[in-house]
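Following the hints, complete the assembly by docking chain B onto the known chain C.
There are 2 protein chains.
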Amino acid sequence: MKIAIDGMGGDHAPRAVVEGMVQALKEYNDLEIYITGPKDKIEAELFKYNYSKERVTIVNATEVIEANEHPVMALRKKKDSSIVKALNLVSTGECEAIISAGSTGAFLAGCTLIIGRIKGIERPALAPIMPGRRGKFMVVDVGANVDCKPEYLVQFAKMGKIYYEAMFDSKNTSVGLVNIGVEDEKGNELTKATYKLLKEEEFNFVGNVEPREIPKGEVNVLVTDGFVGNTVLKMYEGCASNLLGMIKDEIYSSSIFAKLGALLLKPVFKKLMVKFDYKEVGGAPFLGVKAVCIKAHGSSDGKAFKNAIKQAKSFKERGILSKIESEMAKTK
Amino acid sequence: MKIAIDGMGGDHAPRAVVEGMVQALKEYNDLEIYITGPKDKIEAELFKYNYSKERVTIVNATEVIEANEHPVMALRKKKDSSIVKALNLVSTGECEAIISAGSTGAFLAGCTLIIGRIKGIERPALAPIMPGRRGKFMVVDVGANVDCKPEYLVQFAKMGKIYYEAMFDSKNTSVGLVNIGVEDEKGNELTKATYKLLKEEEFNFVGNVEPREIPKGEVNVLVTDGFVGNTVLKMYEGCASNLLGMIKDEIYSSSIFAKLGALLLKPVFKKLMVKFDYKEVGGAPFLGVKAVCIKAHGSSDGKAFKNAIKQAKSFKERGILSKIESEMAKTK
Chain C
253 MKIAIDGMGG
263 DHAPRAVVEG
273 MVQALKEYND
283 LEIYITGPKD
293 KIEAELFKYN
303 YSKERVTIVN
313 ATEVIEANEH
323 PVMALRKKKD
333 SSIVKALNLV
343 STGECEAIIS
353 AGSTGAFLAG
363 CTLIIGRIKG
373 IERPALAPIM
383 PGRRGKFMVV
393 DVGANVDCKP
403 EYLVQFAKMG
413 KIYYEAMFDS
423 KNTSVGLVNI
433 GVEDEKGNEL
443 TKATYKLLKE
453 EEFNFVGNVE
463 PREIPKGEVN
473 VLVTDGFVGN
483 TVLKMYEGCA
493 SNLLGMIKDE
503 IYSSSIFAKL
513 GALLLKPVFK
523 KLMVKFDYKE
533 VGGAPFLGVK
543 AVCIKAHGSS
553 DGKAFKNAIK
563 QAKSFKERGI
573 LSKIESEMAK
583 TK
Chain B
253 MKIAIDGMGG
263 DHAPRAVVEG
273 MVQALKEYND
283 LEIYITGPKD
293 KIEAELFKYN
303 YSKERVTIVN
313 ATEVIEANEH
323 PVMALRKKKD
333 SSIVKALNLV
343 STGECEAIIS
353 AGSTGAFLAG
363 CTLIIGRIKG
373 IERPALAPIM
383 PGRRGKFMVV
393 DVGANVDCKP
403 EYLVQFAKMG
413 KIYYEAMFDS
423 KNTSVGLVNI
433 GVEDEKGNEL
443 TKATYKLLKE
453 EEFNFVGNVE
463 PREIPKGEVN
473 VLVTDGFVGN
483 TVLKMYEGCA
493 SNLLGMIKDE
503 IYSSSIFAKL
513 GALLLKPVFK
523 KLMVKFDYKE
533 VGGAPFLGVK
543 AVCIKAHGSS
553 DGKAFKNAIK
563 QAKSFKERGI
573 LSKIESEMAK
583 TK
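In order, the protein sequences belong to chains C and B. Count the first sequence with my numbering and you get residues 253 to 584, in order. Count the second sequence with my numbering and you get residues 253 to 584, in order.
It cannot be assumed that every hint is accurate.
For chains that are exact copies, the list does not tell them apart, and a pair is met inside one copy or across any two.
To be verified - With a cut-off of at most 25 Å between alpha-carbon atoms, the simulated DSS-like pairs for lysine-lysine come out as follows: (1) Lys254 - Lys293; (2) Lys523 - Lys562; (3) Lys293 - Lys500; (4) Lys448 - Lys511; (5) Lys555 - Lys448; (6) Lys388 - Lys371; (7) Lys527 - Lys565; (8) Lys444 - Lys468; (9) Lys329 - Lys438; (10) Lys451 - Lys511; (11) Lys468 - Lys523; (12) Lys330 - Lys438; (13) Lys582 - Lys423; (14) Lys448 - Lys329.
These are calculated hints, taken from the structure and not from any lab test.
Just chain C, same shape as in the assembly:
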């Protein structure tokens, strides 16, 4: 399998990208990697490792798209950026997958504009996997589409279900609609209309799911517009870190006994942190595009990149793209 990697994407690029890539090459024999970025910088990183050189191609790219640039404008202007070069490798068919930890906006816009959508998908969606108390769950969409129509959310549901089912060997994957009440008639214009459409679908639609229930992780795939989905994702991150922070604050101002208690509980907190560690997951798939697209976290380290590559492999091998294509062909 040939994968294009944006060598300059993320806070620790190209060091972390190359580190993860080399790890993945060791682990998976059938892997070939095309890495984009300034040739000299990438080579300097690669120089540190022993790796099978015939499986790595450096594609020179002199520019980088920054997070604060306007996505579409930047894509147009910076033709020689690491992200555009990686996208071109996929759009020409040279590679089957793309991974980037760079500007989310530019990556998502680029996947849609340069690689293209699957027939029948109006809006591709970013769909991270998150850790819940009872199990993993997926939220579609978390920011690619901030203003949505009900039909988009139905497409999100179909893609999410296919991905979740294939990746986690899940049976009867449950799909829920993020809403502010459980009753049928609750919600805003979008969720009320979407509810009616989802009820007509054949999959296991469990109805409205209140945000209070989301962290339980009892519903596998949650669909929502990108604004609310992004709010869910970021509230989850913010709550987790601030709650742990508040516990720390209290411990700091507490008795020696509480401090001893905290010491004894360290392994428990550590295990919890592993559950919340995005590096274990890889990245978030961008579903609905005609190729395997993985958005890695901006602060990805080597391990996170390695896992993003592993995820891209499974995404391909489990036939998710063709499953989405045939599901969409059915709808037409």
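Chain B alone, transformed into the frame defined by chain C:
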């Protein structure tokens, strides 16, 4: 001050309502309470206590509006419900404030339709106070208005600022817009348009606030549409309870040392739970109505009701209503 209390609102009504009311009567000499509900049931509860009888009026009401009923329909049909009777006491001018722990939908619709809006306020908003790591913060709106126009959010900001400033003696109260990115041009149609309007206002507008930052509690008043606000509120609740649940799960399956650690840390967790205890706060003010309206939590106990009464008193005494009125008069 005369306060109308829905005697049948909440999971523990009328027991908890009467308990809180009697406590408040003891604490505040200038208080008179009108309590609505089936006369015999309310009397049976009151019979348990010593209290100044001349300061309590029971207003008989034979019906109760349930949470699953359609708010506006129920208000029209159940003229003899405890909630409608309490609303009437305020609309006729008999009472200056209303407190209910009953159906949120019916209460909010009733406040708007029966009591009426302050001139210049298009949509009243529900605005709870929440505990953050660095301080209390307020979210306006958390569910009264699921589909909003930018102008509504500007009104939410003005009301929220006035309430926060008056209740917490806060100076230079900061106002933020809940959004999925900090940059000016980020967001959906609603937030982009709202951002421009808020920037022109005279108060301390700190710009977009990402949900990740909300639990920090560094911004005093956060404005958002009711759908996103409700998502923020419920994610906060859900994350807090599930994170503590996940810690418990881990402790349960851990060594005896971790269990001892948990025991030593109990006071820390207890202090944290107090911070998160809505019973300390009272209820959420419903801002923009021509009277003091407090929505108490459905599971309120006696203490929560007492604190909701205390809150209604401060709301009145600190002149928040007239401050909102004169602010709105300025706008016209």
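Consistency of the hints with the structure:
no. : hint            : verdict
1   : Lys254 - Lys293 : within (22 Å within a copy, 75 Å between copies)
2   : Lys523 - Lys562 : within (23 Å within a copy, 43 Å between copies)
3   : Lys293 - Lys500 : neither (41 Å within a copy, 47 Å between copies)
4   : Lys448 - Lys511 : neither (53 Å within a copy, 48 Å between copies)
5   : Lys555 - Lys448 : neither (42 Å within a copy, 42 Å between copies)
6   : Lys388 - Lys371 : neither (29 Å within a copy, 49 Å between copies)
7   : Lys527 - Lys565 : within (22 Å within a copy, 46 Å between copies)
8   : Lys444 - Lys468 : within (24 Å within a copy, 32 Å between copies)
9   : Lys329 - Lys438 : between (45 Å within a copy, 20 Å between copies)
10  : Lys451 - Lys511 : neither (52 Å within a copy, 46 Å between copies)
11  : Lys468 - Lys523 : both (17 Å within a copy, 24 Å between copies)
12  : Lys330 - Lys438 : between (45 Å within a copy, 21 Å between copies)
13  : Lys582 - Lys423 : within (21 Å within a copy, 60 Å between copies)
14  : Lys448 - Lys329 : neither (43 Å within a copy, 28 Å between copies)
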